[in-house]
Amino acid sequence: MKAKCPAIVSVGRTSFGEHYEVEPENLVWEAGLTAAEAANIERRSLEACYFADYFLPITNKIGLEEGFLSELLELNVPMEITRSFSSALSNACNAVQAGKYDIVLVGGMEKMTDRWDKIRDDLMLLEDPWSYYAGCTPEANHELMLRAYIKRFGISGEKLDIFNLALAEFAVKSHSNAMKNEYAQFHKEISADTVIKARVKTGRPLGLFDFAPISDGASALILTNSETAESFTDKPVYILGYSLATDYITFPSRSDLTGFAATKLAMNEALRSARVELDDISILELYDQSTMMGIVSLEDLGFCERGKAWSDIHKSFKESEDFLELNGRSLFVNMNGGLKADGNPLGATGGAEIFEIFQQLRKKAGARQVQADGELKYGCVHEMEGFGTKAYTCILGLE
Amino acid sequence: MSSEPIERRVAYIGDRLRGSRCTLCGKEYFKPRNHCGACGRKSYGMTEPIDFFYEEGTLEVCTYVKNPTNRFTKLGPYVYGIISFHNEEVRFPGRITDFAIADDLKIDLNSLEGRKVVPRFRRRHAVDSSGIVPTISLAFSFADGYYPFQEYRIVQPSKQYDKPGIVAYGAYSSKFRIKEGTIERSVPFIDEDSITAAVEAGKMALIHSGVDPISVAKVYVGSESNPYAVKPIASKVAQVLKLGEECQGEGVQCVDAVDTEFACKAATSMFKDAASLVYYPDLKGSYSMVIGTDNSQSAPRGEPGGELDLFVGYGSCAFMFGMHDVIAQFEGWSSITSDTPDFWRRDTQPYPSHGGRFTGEPAYFKHVTKAVQKLTSQLKLEPRDVDYFVAHQPNAVFPTRVAKALGFKEEQFLPGLQVAKFGNTYSGCSPIGLAAILDVAKPNERILVASYGSGAGSDAYSFITTNQLLDKRSRQKFTITYQAENKNISYVDYATYRRFKRGMRAD
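As given, the protein sequences belong to chains A and B, one line each in that order.
So that you can map any letter, position 4 of the first sequence is 4 in the numbering used here, and since no number is skipped, the others follow by simple counting.
So that you can map any letter, position 54 of the second sequence is 54 in the numbering used here, and since no number is skipped, the others follow by simple counting.
One or more hints might be untrue.
[Unchecked claim] Straight-line Cα separation of at most 16 Å, EDC-like style, residue types lysine to aspartate or glutamate; simulated pairs:
1. Lys380(B) <-> Glu331(B)
2. Lys487(B) <-> Glu113(B)
3. Lys377(A) <-> Glu399(A)
4. Lys318(A) <-> Glu399(A)
5. Lys151(A) <-> Glu331(B)
6. Lys201(A) <-> Glu60(B)
7. Lys151(A) <-> Glu277(A)
8. Lys477(B) <-> Glu88(B)
9. Lys442(B) <-> Glu411(B)
10. Lys151(A) <-> Asp256(B)
11. Lys118(A) <-> Asp102(A)
12. Lys151(A) <-> Glu411(B)
13. Lys151(A) <-> Asp144(B)
Simulated from the structure, these hints should not be mistaken for laboratory data.
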């Protein structure tokens, strides 16, 4: 299965959070250097670089990111900028599979705290301009999805209390997982009560602890073709299947307000091309900009039935257990703390998700290493751009 | 939005809620497009323009925005949600406006979802005072609230008159009021200004008229509180209300539009011009529209000129003139002008100055009296020949005194005295008085209107109502009484009144 699949031979990342003194290109250079060191790859061996940042041209007024990186890395190879790490990786995979390059660097970076005071206008305008014009905030679409969801699935009364608790438990789990992640933005246990109190305080369906933060950070990996992979590491992680799909920019105009159609399409295609069954996936990194987005995405990816993810999560929520019981199968979810607690520097987020799966599959995740009954067979990475306007999925495995 | 072309495109679509319908399968879209996604290539060029400006929608789901993004901060907190039209076939994002939320208020989203809403033309968000004023109709208010849903149905005219007259009218005042003593004054919501009120009044007049907006030849907008020193309100009114023929694909309306200024008589001055225009033989079958609109300005209390702060209101009134289906015929007019500097506002100054006690005599009383006397002598009228008399109303004392001095009795002038309900709406002031009378008058009654504009001048008009006044009354839900005695009115305190009046400025 791994034959002809692009292989990740090493990964690197910075911590997520605030990097007040550091330029964005220096962050990705640091992550890239870590990855290159790990695989003992000379800078000059890189044939091309695929970088990602969601909106540095807006937050940092940096337009030609490639030029900054060429200058810093002293490299004149082809470089391309995309908006998300998964997008950069997808392009890199296409090039490696086509035989164009054998060794490439994939990196992602973001510097959101530099513009923390204006970032919500910029984020919302990019994410969904017509909703922005009507007064939408980056949080409001998540809350509208929640409202549409509970109406469609008739969740009210006592069930609604459990639903709200399940969302809180999801955030609690993320924070708990991040305690063992040295790179995570938050190292702080929270309780379900804290999550719920923050909602009550503002009178909104979701509160401060339901949302991922804004972050600075970078991540990187070295991608090679399957033939050369084993010359850099004894355990390459292969990208068995990857896909992406798109959806309307205007969220209210989409036909289904209770899920992300792009995720479903991307996941089906990724599984098909990887020839992997959903049941064989044992670890997942989920794109949870909010607890609601996380829960709905579990359904979109096929791990839970429609309208049931919240009750699955609530039933299997035990702080002593690492995994969730979803629709009868166990799944390790967001072991790094997810976007919620690890942090969400947009362009770098997908790289941190891959970083986690890479370490876990190779059993190098240290204190976070999951203890599965059987073999950790396959991992899945899920990332989005905007509010489900683009969705990426990627299936990773050791063979 | 710092780019003029982007601002133009967003406003062009958003102000009118423009969309498209596929002529092959009937699918509807928000935002115009020239092909249908469902039908594919064969539908290229087969879509027709539609819009949702006069439609009623449903608030499907909503949330409470406690902390808006920077540009929307001055609006907040507010309720934001998804609005659906035509049985959920089309959905847009929308902000609920006219819904002032106190800090400690608990919002029950369940009680709001599923309710009917009406699109409202409003300011979009704050900008610096040097920027283009961004507008949008992705603002909605509840149809069971202050502002009712009214169907706009085009009706073929049934009768032609030999002289022009008023064909329809529409008045608009906001849901918010400040009440001090016995006087209530209309206060704009923070996203309202003289532009938004002009569009609302024009919309009401069109609904009342049943006239196809394509046959409007010219619109005049009189105001002294245009947010722009240079850029007409009338162009916005013409574009949003689609007055005159629309050149498809080019985004222009074949109509003349102009702003006029003469303090509080900027609009009434144009009544005769608007009526004369439709009397012109080449314009047979055309209509003209005159709108008086003001977010009446005043310095805060305690500052020079702050005496006005006790009286200023907010509102707009629109009149349509034509030769068909006339509800009040022109009988005569006279105008008076002198160069009397009783009230003025210099360029770049935010608030007007005035001449204190001279604003009454020789300014207001001399001009109004002269204009009315000239008109009554021309038409050989005695006070008893007049059914209703309306004078400009900067306060309740002036119009009462002038009416009595001219020999009118309370039953003649009280129905038109509306200043205690809405405040002095400047250019919209005497027109709102006239609208209040048209709301209640019977056929074949004579109405005398005398405006006053500082600077100074007065226009006096005589109108005689027709039988068709009653025929159209059912199309006028948003009457002056409806607005004055509405149970959904929200009363605000002085600080909120000043904040709302100032509006959404980013600087």
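Results of checking the hints against the structure:
As the CA atoms of Lys380(B) and Glu331(B) are separated by approximately 12 Å, the hinted pair is consistent with the 16 Å bound. For the hint pairing Lys487(B) with Glu113(B), the CA-to-CA distance comes to about 22 Å; that exceeds 16 Å, so the pair is violated. For the given pair, Lys377(A) sits about 9 Å from Glu399(A) by alpha-carbon distance, which is consistent with the 16 Å threshold. Straight-line distance between C-alpha atoms of Lys318(A) and Glu399(A) comes to about 32 Å, which puts the hinted pair past the 16 Å bound.
This hinted pair does not check out: Lys151(A) and Glu331(B) have alpha carbons roughly 61 Å apart, beyond 16 Å. With a C-alpha separation of about 24 Å, the suggested pairing of Lys201(A) with Glu60(B) is violated against the 16 Å cut-off. Pair hint Lys151(A) plus Glu277(A) does not hold up; C-alpha atoms about 32 Å apart against a cutoff of 16 Å. Taking the CA atoms of Lys477(B) and Glu88(B), the gap is about 27 Å. The hint is violated against a cut of 16 Å.
Taken as a hint, the Lys442(B) and Glu411(B) pair is honoured in the structure, with Cα atoms around 14 Å apart against an allowance of 16 Å. Our distance criterion of 16 Å between C-alpha atoms is broken by Lys151(A) and Asp256(B), whose separation comes to about 49 Å. Among the hinted pairs, Lys118(A) with Asp102(A) is inconsistent with the structure: their alpha-carbon atoms are about 41 Å apart, more than 16 Å. Between Lys151(A) and Glu411(B), the direct Cα distance comes to roughly 56 Å. Violation of the 16 Å bound is thereby established for this hinted pair.
For a cut-off of 16 Å, the pair hint linking Lys151(A) to Asp144(B) is broken: about 23 Å separates their Cα positions.
When the structure is compared with the earlier hints, violations turn up for hints 2, 4, 5, 6, 7, 8, 10, 11, 12 and 13 and for no others.
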